[in-house]
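Based on the provided sequences and hints, a complete structural model is requested.
Here are the chains, one letter per residue:
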Amino acid sequence: DAGVIQSPRHEVTEMGQEVTLRCKPISGHDYLFWYRQTMMRGLELLIYFNNNVPIDDSGMPEDRFSAKMPNASFSTLKIQPSEPRDSAVYFCASSYSGELFFGEGSRLTVL
Amino acid sequence: AQSVAQPEDQVNVAEGNPLTVKCTYSVSGNPYLFWYVQYPNRGLQFLLKYITGDNLVKGSYGFEAEFNKSQTSFHLKKPSALVSDSALYFCAVREANQAGTALIFGKGTTLSVSS
Chain G
59 DAGVIQSPRH EVTEMGQEVT LRCKPISGHD YLFWYRQTMM RGLELLIYFN NNVPIDDSGM
119 PEDRFSAKMP NASFSTLKIQ PSEPRDSAVY FCASSYSGEL FFGEGSRLTV L
Chain B
187 AQSVAQPEDQ VNVAEGNPLT VKCTYSVSGN PYLFWYVQYP NRGLQFLLKY ITGDNLVKGS
247 YGFEAEFNKS QTSFHLKKPS ALVSDSALYF CAVREANQAG TALIFGKGTT LSVSS
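First to last, the protein sequences are chains G and B.
Taking this note's numbering, the leading residue of the first sequence gets 59, the next gets one more, and so forth.
Taking this note's numbering, the leading residue of the second sequence gets 187, the next gets one more, and so forth.
Just so you know, the hints here were simulated from the structure itself, not pulled from any lab data.
All C-beta atoms, glycine included, are put in the ideal place defined by N, C-alpha and C.
Hints may be right or wrong, so weigh each one.
Here are the simulated DSSO-like pairs of lysine-lysine, each with C-alpha atoms no more than 30 Å apart in a straight line [to be verified]: (1) G/K126 <-> B/K293; (2) B/K244 <-> B/K208; (3) G/K82 <-> B/K293; (4) G/K136 <-> B/K293; (5) B/K235 <-> G/K82.
DEER-style ranges, computed between Cβ atoms [claimed, not checked]: (6) B/Q284 <-> G/P119: 20 to 28 Å; (7) G/S131 <-> B/Y247: 27 to 35 Å; (8) B/N216 <-> G/P112: 25 to 33 Å.
Some chain B residues judged to face chain G by a derived CB distance under 7 Å, without partners named [said to hold, decoys possible]: (9) G229; (10) L230; (11) K235; (12) Y236; (13) A288; (14) F291; (15) K293; (16) G294.
Here it is as structure tokens:
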């Protein structure tokens, strides 16, 4: 199995631009999670899905952030408009039996 | 509310010495506990978990962790550290009777093993 696949691995953009991060979970996993990692705040849960349905989005920082999971094999996290404080590494993870399997992350830099 | 505390930002040990990375947790009911490791510019990798049963859990790369319910702790240990163990380690928890909830992670502890 290829594991959780995230793209892009690196994204540099300017403030105000739209950013879309993508995730392909492991086939057969029914949970998908988006986390954000920064030096100051550590690993924060943003949102998670069960069977493509959002279960808890209370960690989404504000309305500029949105996430979708149109099918079992694809999810997106969108930031519009982006701001410098959104700079972080965004991780997608999927699970079936409890432990999470993480992707390699998308490092976002907003100038 | 669930929470995890990793009281040490950094742990330094010499190669060949035993290592301990501390973790304490808070949940309303029984916990499911996890340890993950993150190498530079990589995602988190699962090391081991405690669900139920034996309090001493063995995992990948020679690591083990001991669940202590009275102290609400789940410390990660290894008898003999390797330089290649140097990485960022995360403890995580969720409640056992809440299958549909996410893992809550601690802030991480950087382990540095010197040769």
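What are the numbers of the hints that this structure violates, sorted from low to high?
-> Those not satisfied come down to hint 12.
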